[in-house]
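Going line by line, the protein sequences match chains A and B.
70 is the number of the first residue of the first sequence in the numbering used here; add one for each residue after it.
70 is the number of the first residue of the second sequence in the numbering used here; add one for each residue after it.
Everything labelled a hint here was simulated from the structure, so no lab data went into it.
All clues given are correct.
Covered stretches of chain B (chain A as the covering partner; in silico rule of three or more C-beta atoms under 8 Å from a C-beta of chain A):
1. 99–112
2. 146–160
3. 178–190
4. 209–222
5. 225–236
On a predicted model such as this, the values are computed, not experimentally measured, just so you know.
Ideal Cβ positions, reconstructed from N, Cα and C, are used throughout, including at glycine.
There are 2 protein chains.
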Amino acid sequence: MHREAAIRPYRETDWPAVWPVLRATFEAGDTYAFAPDSTEAEIHRAWVELPAATCVACAADGRIAGTYYLKANQPGLGSHVCNCGYVVAPAAQGQGIATAMCEHSQQEAVAMGFRAMQFNLVASSNERAVRLWKHLGFAVVGTLPRAFRHQRLGFVDALVMFKELAT
Amino acid sequence: MHREAAIRPYRETDWPAVWPVLRATFEAGDTYAFAPDSTEAEIHRAWVELPAATCVACAADGRIAGTYYLKANQPGLGSHVCNCGYVVAPAAQGQGIATAMCEHSQQEAVAMGFRAMQFNLVASSNERAVRLWKHLGFAVVGTLPRAFRHQRLGFVDALVMFKELAT
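Given the sequences, and given the hints that come with them, work out the whole structure.
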């Protein structure tokens, strides 16, 4: 399935298609920490301007099926560990897009010199994501008590997930 | 001992005394992720401009004995958890300054509405700090494999430490 998704670097002309996907995801308030009422400028900064790289996954018809960012998780002496975030368009769920993006991001990370990848705040209620990251080789290395304020469930634990990359 | 240290909000006139303390700490490359060759402007931004609050501990003679920052650890739905960093001046070590600053920061955090405090990257080799944070009620909630590039020891594990604050 996901072999049909072509993943390439983000271009600024992608934004009109990327922003609605990000907005819908963050408005739900069940996966990412970004405030549900974040402005377009705030999200553009966080997803495109601050990261070291941003990519998009394109469906066979050319439409945006997903997007991810990649950046160092810490400065200086922690900068060999990267952090990524992935969002799949609602219409493209269940097609392996997240898997394809995560695998692509790991290859990019290694090419950029990163030695490991860390997810800082995976809502424990997001069972599908936790299961997928585990399947892709990530381990739960920490549990943060009530660290995620889920918009429907209230305070839920957040997981720290980590994978050392083959370099 | 530490009752002699007066803790107050940072003022810009403190910088000439604060910067050498921060620089000496970060140059050692054994506790904080900031690159050992970070510039004064980079550290001013990270310690003073970006955080929600910065404080200093003053010795009886008025000299800077230590400093800390306090900020939200994540945006939006993770912004009820704060993050702090503490640095004690070499000449003021062993006088309870870190304890006094940590206790002060917890009170400040509660006053600002935070519900918990998280340290993201405590070098496991920094045994004195780990022992102190545990003594002050923090738990090790995660271990990040080889996530800290210690300038003498090479890659060492980093700990995630967490404390829920009485609100």
